[in-house]
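Novice: Put together the whole structure using the sequences plus the hints.
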Amino acid sequence: MIRNVVFSAREDHEIVKGVINKLKKLPDVNLHFHDPTKKFFNLSRMPKSIKEADLIIVKVRNDCSIDLLHYAKTNKIPTLHSVDTVLMCKNKISLDYALRRVFKDHPQISKKFSIPNSWNNNATDLSKFKKWALHKLPIVIKSHYQHDNIIDLTS
Numbered sequence: 374m375i376r377n378v379v380f381s382a383r384e385d386h387e388i389v390k391g392v393i394n395k396l397k398k399l400p401d402v403n404l405h406f407h408d409p410t411k412k413f414f415n416l417s418r419m420p421k422s423i424k425e426a427d428l429i430i431v432k433v434r435n436d437c438s439i440d441l442l443h444y445a446k447t448n449k450i451p452t453l454h455s456v457d458t459v460l461m462c463k464n465k466i467s468l469d470y471a472l473r474r475v476f477k478d479h480p481q482i483s484k485k486f487s488i489p490n491s492w493n494n495n496a497t498d499l500s501k502f503k504k505w506a507l508h509k510l511p512i513v514i515k516s517h518y519q520h521d522n523i524i525d526l527t528s
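If you count the sequence shown from 1, you need to add 373 to reach the working numbering.
Source of the hints: derived by calculation from the structure; they are not laboratory data. Incorrect hints may appear among the rest.
What the hints assert, rightly or not - Taking lysine to aspartate or glutamate and the EDC-like style, the derived pairs with C-alpha atoms no more than 20 Å apart in a straight line are:
no. : residue 1 : residue 2
1   : K411      : D385
2   : K397      : D385
3   : K485      : D498
4   : K446      : D469
5   : K449      : D478
6   : K503      : D478
7   : K397      : D408
8   : K463      : D427
As the list claims (entries may be wrong) - So the derived label-pair ranges between C-beta atoms look like this:
no. : residue 1 : residue 2 : range
9   : K484      : S455      : 35 to 43 Å
10  : G391      : H479      : 43 to 51 Å
11  : G391      : P420      : 38 to 46 Å
12  : L472      : P400      : 31 to 39 Å
Beta carbons: idealized from backbone N, C-alpha and C, even for Gly.
Specialist: Encoded structure:
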């Protein structure tokens, strides 16, 4: 049985190119590529490829990606990412930045509260992260990748 898979991601991303090439080689996958930075859609008039998708894979980048995940949830189309998880992560990152701005702009507040250091770089470079984190514990990790997979920081 052939599966219709929609892959929505920025086309010039190296990893995305590799995934696309692997998906194209699968005999039972009919791949439809969508670049959210180039092709925009109207939620009330979605392209046929998205409406009839068996799976939607999104490299979350912007509101277009979130709209697509929301559309999939509403229409019961399976996705690799959960729109609820993506939004929760996005909101937590935004809240963290807002709190840090308040602490920076109003240093008198930091006398009564403490906020841990935060890492906002790619967490896949463990040696760089461990060197940074060694003297800063406890910390908060802010990453756009945090909803994609669990990162083992103990290895």
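Novice: Are the Cα positions of K463 and D427 separated by 20 Å at most?
Specialist: Violated, because 26 Å separates the two Cα atoms, which is more than 20 Å.
Novice: Would you check the hint for K503 and D478, treating anything up to 20 Å between C-alpha atoms as holding?
Specialist: 29 Å, violated
Novice: Are the Cα atoms of K446 and D469 separated by 20 Å or less?
Specialist: Not satisfied, since the Cα-Cα distance of roughly 27 Å exceeds 20 Å.
Novice: Within a Cα-Cα threshold of 20 Å, do K485 and D498 meet the stated pairing?
Specialist: Not satisfied, since the Cα-Cα distance of roughly 34 Å exceeds 20 Å.
Novice: Sort out whether D385 lies within 20 Å of K397, counting only the CA atoms.
Specialist: This hinted pair holds, its Cα atoms lying about 17 Å apart.
Novice: At the C-beta level, are G391 and H479 separated by a distance inside 43 to 51 Å?
Specialist: 46 Å, holds
Novice: Tell me if the straight-line CA distance from K449 to D478 falls inside 20 Å.
Specialist: Given that 20 Å is the threshold and the Cα spacing comes to 44 Å, the pair is violated.
Novice: Can the suggested window of 35 to 43 Å be confirmed for the beta-carbon pair K484 and S455?
Specialist: 39 Å, holds
Novice: Hint check: K397 vs D408, CA-CA at most 20 Å. Holds or violated?
Specialist: 16 Å, holds
Novice: Does the structure keep K411 and D385 at a Cα separation of 20 Å or less?
Specialist: 11 Å, holds
Novice: Does the hinted range 38 to 46 Å hold for G391 and P420 at CB?
Specialist: 24 Å, violated
Novice: Quick one: are L472 and P400 within 31 to 39 Å, going by C-beta?
Specialist: 50 Å, violated
The structure does not agree with the numbered hints 3, 4, 5, 6, 8, 11, 12 stated previously, though it agrees with the rest.
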